[in-house]
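Chemist: Sequence:
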Amino acid sequence: MAHGEKPPASFEDFDKRLHQARGGVAEPETAAEIADTSGYGPGLQAGIDIIAGFVGGGLIGYGLDYLFGTSPVFLILLILLGAAGGMRNAVRTLARYGASGSETGSKRG
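Numbering that gives the first Met the number 0 numbers the first residue of the sequence shown as 0 and each following residue consecutively.
No lab work stands behind these hints, which were simulated from the structure alone. Ideal placement from N, C-alpha and C gives every residue a C-beta, glycine not left out. There may be inaccurate statements among the hints.
[Stated by the list, open to error] Across the chosen pairs, the derived CB separations fall in these ranges:
id: 1; residue 1: 20; residue 2: 98; range: 37 to 45 Å
id: 2; residue 1: 46; residue 2: 67; range: 27 to 35 Å
id: 3; residue 1: 17; residue 2: 79; range: 48 to 56 Å
id: 4; residue 1: 61; residue 2: 90; range: 36 to 44 Å
id: 5; residue 1: 9; residue 2: 87; range: 24 to 32 Å
id: 6; residue 1: 93; residue 2: 62; range: 25 to 33 Å
Just need the whole structure built from these sequences, with the hints factored in.
Modeler: Here you go:
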């Protein structure tokens with residue numbers, strides 16, 4: 000620390016000033032409160048699961064085909080397996096979201 004500089008404020012003081020600047024709005028405390036800010040999360044996760052299955056299966060299949068010299072055998076096989084695994088993960092993600100009871104707008108009268 001250079002001569003004449005003030006020491007840094009404590010974290011408690013910083014938290015107090017930050018809370019006051021935010022207007023007293025409390026931060027979300029649990030992961031569910033943080034994740035529940037929009038309804039896009041589970042849909043995006045399901046899409047990422049499917050795409051990751053295709054890409055992962057394709058890359059591994061291409062690598063095995065290159066290694067063994069078998070043209071598109073492993074590529075096609077592992078793309079299909081990766082797609083099936085990705086769809087399974089997407090269904091599990093969406094089922095978990097639906098079972099949590101945090102559906103919005105699904106009850107119409």
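Chemist: Would you mind marking each hint as holding or not holding in the structure?
Modeler: Now for the hints, and whether the structure bears them out:
1. 20 to 98: 37 to 45 Å: 39 Å, holds
2. 46 to 67: 27 to 35 Å: 32 Å, holds
3. 17 to 79: 48 to 56 Å: 52 Å, holds
4. 61 to 90: 36 to 44 Å: With a Cβ separation near 26 Å, residue 61 and residue 90 fall outside 36 to 44 Å, so the hint is violated.
5. 9 to 87: 24 to 32 Å: At 50 Å between Cβs, range violated.
6. 93 to 62: 25 to 33 Å: At 31 Å between Cβs, range holds.
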